[in-house]
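Visitor: Sequences listed follow chains A and B, in order. Take the working numbering: the final residue in the first sequence is number 218, and no numbers are missing along the way. Take the working numbering: the final residue in the second sequence is number 218, and no numbers are missing along the way.
Please keep in mind that the hints were generated in silico from the structure rather than gathered at the bench. The structure presented is a predicted model; accordingly, all values stated were derived computationally and were not measured. Where hints are given, some of them may not hold.
The list makes no distinction among identical chains, and a pair is therefore deemed to hold if it is satisfied within one copy or across any two copies.
List of simulated lysine-lysine pairs, DSBU-like, C-alpha gap at most 30 Å [claimed, not checked]:
(1) K81 / K41
(2) K36 / K161
(3) K161 / K54
(4) K75 / K163
(5) K201 / K17
(6) K150 / K17
One letter stands for each residue in the lines below.
Protein chains: 2
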Amino acid sequence: MKKAIVLLSGGMDSAVTLYIAKKRGYKVSCLIFDYGQRHKKEITCAKRLARLTGSEYSLLKIRLPWKQSALLDKSLKVPDGRKFSGIPVTYVPARNTIFISFALSFAEAKGARAIFIGANARDFSGYPDCRPVYFKKFSALLKKATKAKGIKLEAPLLHKTKKEIAAIGKRLGVDFDLTWSCYKGGKRPCGRCDACRLRARALL
Amino acid sequence: MKKAIVLLSGGMDSAVTLYIAKKRGYKVSCLIFDYGQRHKKEITCAKRLARLTGSEYSLLKIRLPWKQSALLDKSLKVPDGRKFSGIPVTYVPARNTIFISFALSFAEAKGARAIFIGANARDFSGYPDCRPVYFKKFSALLKKATKAKGIKLEAPLLHKTKKEIAAIGKRLGVDFDLTWSCYKGGKRPCGRCDACRLRARALL
């Protein structure tokens, strides 16, 4: 059975991506990161989703001591709604590059043929490492980076809107109550941050 | 003063690269990894080299639980000399990709304009992530990966032989007694592994 690595954050998009990878017939190993994010709720959700789908997972702890993001530095405030322009303070420098690099190592070690990531470039927060051109360049790098040949980078939601992602997820049986989007880590989602706002619009 | 990140392993090549970056007028921040390698000698050397050159450093601890390399898995034997063909068992899947990704994050957070890596493609162990084509593709990715524009990837030793690297280092005042090459972690270098063999040939 062909194998794939799925980068699983515990949010909507990566949950749907996990179900897509399984639907396409892959035996999935999930890669979950504890990277010092503001709260652990999304990690709990990710582990639960992996177990629920019968996928094995690896939880990696990494630290970026240079912080520089409201997701890593609790002294920075997560803004409410889209009151900002440009790339928001929740941007973590090179986060997807780091995540995909580990996934590549994992994929080669496992003999996996694909890496799935839930990035999307339509209803997104403007992060540079969510753009199609970024994935195009990373795919080109992948071809030259390892001993293994032909590991593919798959971002099946890249061109979907959040509404379309929600619809695909519902069709595949994703229980969105098991996912977490809010940037803050309260008992309940704050309903006001960018991630909550995008989620609410999708699940309306 | 323009800033650079130098990936510092404690071996000959990265030591020379550190001195080259300083010679080119950069204020250097070194990035050192504890990635579960067989021994800590090279980390001790790297920290000492950073301090000696008045460079700040960040030591990052990462783990690749999938191992799959004689550098990470002590049950695998490091071969003596070049008795193998192809890519040796000391190859760590996607190691440079992971290292450069963290360096990219560090560079963006620091406002650095360059990442220096001591890779070389002449007298090397045959690792895919030491080849010129690999760095070419990574440079292309760098242009699209971050909010910061124009972070360059510099591999000044890429086309040098080990002998040339030693000569450059001597000219710049590198004390090679402060570097460590041996894959094993004995009191003294084993003198037989591929790294020892390449080093000895260079410093003759």
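Visitor: So, for every hint listed, does it hold in this structure?
Guide: Each hint, compared with the structure:
1. K81 / K41: Between copies only: 20 Å across, 35 Å inside.
2. K36 / K161: Answer is within; shortest intra-copy Cα gap is 26 Å, inter-copy 33 Å.
3. K161 / K54: between (35 Å within a copy, 26 Å between copies)
4. K75 / K163: both (28 Å within a copy, 28 Å between copies)
5. K201 / K17: neither (36 Å within a copy, 42 Å between copies)
6. K150 / K17: both (22 Å within a copy, 29 Å between copies)
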